[in-house]
Amino acid sequence: MEKTVNQKAWFLVLPVLLLVAFSAVIPLMTVVNYSVQDTFGNNQFFWAGLEWFEEMLRSERMWDALGRQLMFSGIILAIEIPLGIFVALNMPKSGFWSSFCLVLMSLPLLIPWNVVGTIWQIFGRVDIGLLGYTLDALGINYNYTQDILAAWVTIIVMDVWHWTSLVALLAFAGLKSIPDAYYQAAKIDQASRWKVFRFIELPKMMGVLMIAILLRFMDSFMIYTEPFVVTGGGPGNATTLLSIDLVKMALGQFDLGPAAAFSIMYFLVILLISWVFYTVMTNLDKREG
Amino acid sequence: MADMTVNKTSSRGLSLPKINSRLVVMTLYLLFLLLPIYWLLNMSLKTNTEILNEFTLFPRNLTFANYATILTDPAWYMGYVNSIIYVTVNTVISLAVALPAAYAFSRYHFMGDKHLFFWLLTNRMAPPAVFALPFFQLYSSVGLFDTHIAVALAHTLFNVPLAVWILEGFMRGVPKEIDETAYLDGYSFGAFFVKIFTPLIASGIGVAAFFCFMFSWVELLLSRTLTTVDAKPIAAIMTRTQGASGIDWGVLAAAGILTIVPGALVIYFVRNYIAKGFALGRV
Amino acid sequence: MDWMAWTWPTAIFFAVIASLLITFTVLAIKFPETPRTGILRIETTRGDRLFITLLGSAFINLAWLGIVGAQQPYALIVCLIYAAAVFRWV
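Chains as they are written, first to last, in my numbering: chain L, 1232 to 1520; chain C, -1 to 281; chain V, 271 to 360.
Honestly, the hints are just simulated from the structure, not real lab data. Worth double-checking, as some hints may not be accurate.
Here are the simulated distance ranges between beta carbons [stated by the list, open to error]: (1) Gln1415/L - Val90/C: 27 to 35 angstroms; (2) Ser1325/L - Asp144/C: 43 to 51 angstroms; (3) Asp1378/L - Thr47/C: 25 to 33 angstroms; (4) Asn1374/L - Met76/C: 35 to 43 angstroms; (5) Ile1310/L - Glu178/C: 47 to 55 angstroms; (6) Trp1294/L - Ile312/V: 29 to 37 angstroms; (7) Ile1310/L - Ala355/V: 21 to 29 angstroms; (8) Ile1444/L - Val90/C: 28 to 36 angstroms.
Idealized CB from N, CA, C, for every residue including glycine.
Make a model of the complete structure from these sequences and hints.
Shown next as structure tokens:
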């Protein structure tokens, strides 16, 4: 649609601007202020300069958390994106069963995040959980509070359970926008199933898949509640992801300075990734439009 | 009659093996999704003795005592009330500010519109963990700590951008000629927006409201950080099942099931728009 | 505002950012421009280039702090060179 230039439109945006500025800019400024100071409580602050940034950059704790975070996000993306596409390809296209699948698949998305954690905490327990009990009965040694591998498998399966439907829903919406004529043309050309996917379905899904990857990457990058409920970051620090570490530092130990420096670097990374995705997305839009 | 049905099923089975493989995939996937939820439901209907001492796939002594515990104890059910209050307040605020903004983004070019849009995106992506501490300080200093409004305002951080996007997506689908005709007919902007435009995007407003509701409902980190007693959300109250004698599994499971109910009730109405909502209005 | 713990350096920092934003807004009003496509092969306006500059500078400063760890002001020189490059070629 052709848009007209109208600077008065600013007045319509103003409420959003003020509200989000209050919710986002003031806290971010505070974080910057805290990051260059030291405090012993009582609102008494002492200038610390860039000390906290230096400490954080050199701290193994942060780099380890970042490494675990990247590993977590990478693994869940590698599982959820293909699995989501696969599920979307197999969904009924229309009618009652399509709605039926849509409703059931959306269910995990609407569960409060700590309840998601609780569900899997219970489900994986060897004494009272179906999964843990079954694995134990099969003779597999599975204990997510002691064993690092079991803890990781649990939080990854949990995330796949929680969010694959999102990818599937988006991919499904992309698939539905393909006109039947495309498939008929492919049939006439006797294109193989793979070629139909590669040259018709995948390009049409590209836009929504970008959004799916963006949302899944970002949301997994800031995941806190679910793994925290299940493992509490343990065993040891094995599942302490970035947000878990940050909350531990900021609200647990009340180390304002280091936590603030950590926050800023965390936020800068998010900003960079958001910008890259946004640029790629708007360029894709432009090419299509 | 009997013959015909048999024939029908057998021919379907033979001639369309493709549908069967689809059926298998979807059945397995849905089973994977529903099994953990079923297990929670199963536990919520058992007594603690049964949960801990016997491993049963169905509740042998069906009991609703766990639900009764929650629904009769104010310390429990006030958690639901608190959650519903701040979620509702948040949804109303988010929609009220997002509607005009989305209209501006969908209809006009103005100075810095793209940058503003991007800035909103970054707020949707910002980790709540970064904001937890400054929010705590901010709302303590203005005397809003442990109130519903504090949580509602905090959640606008990610819900306002989301609402703007979803609404912008729906508004883009409304032809601009409608606006122009209305202005020619002498409608003021306000009258046009309320009387003509809002009914046209009613489904979009519904979907945006659903998403605001949902994300405010599932978030815990901020709502827990900003409350202690008076506005404590149900999700945070769930931790109190850890008593001196161990965890009260039955009640915990029942509380969990009750948090799933509100979402499950409304999801049917928005089923066809869920993807559009998650796609930030871009499908 | 006590709890925000303002300091002079951070106040100056935000003032500089704010004045940059205002300057670029005024520039955009006084001298409207068409977006151009640079070496990143994306369309950018002056405002976009400012954003790329600021975000990049943040990372340059962090890298300097992490690798060199002393004489932070020199990192600003690198930032200025980077800024010039962004405004010239991106």
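We went through each hint and held it up to the structure:
1. At roughly 48 angstroms, the beta-carbon separation of Gln1415/L and Val90/C lies outside the given 27 to 35 angstroms, and the hint is violated.
2. The hint said 43 to 51 angstroms for the Cβ distance between Ser1325/L and Asp144/C, and at roughly 49 angstroms that hint holds.
3. Taking the beta carbon of each, Asp1378/L and Thr47/C are about 29 angstroms apart, inside 25 to 33 angstroms as hinted.
4. Between Asn1374/L and Met76/C the beta carbons are some 37 angstroms apart, a value that agrees with the proposed interval 35 to 43 angstroms.
5. Judged by the Cβ atoms, the range 47 to 55 angstroms given for Ile1310/L and Glu178/C holds: they are separated by roughly 49 angstroms.
6. Distance hint check: the CB atoms of Trp1294/L and Ile312/V are about 31 angstroms apart, consistent with the given range 29 to 37 angstroms.
7. Between Ile1310/L and Ala355/V, the C-beta spacing of about 40 angstroms breaks the proposed range 21 to 29 angstroms.
8. Between Ile1444/L and Val90/C, the C-beta spacing of about 32 angstroms keeps the proposed range 28 to 36 angstroms intact.
Taken one by one, the earlier hints fail for this structure at numbers 1 and 7, listed in ascending order.
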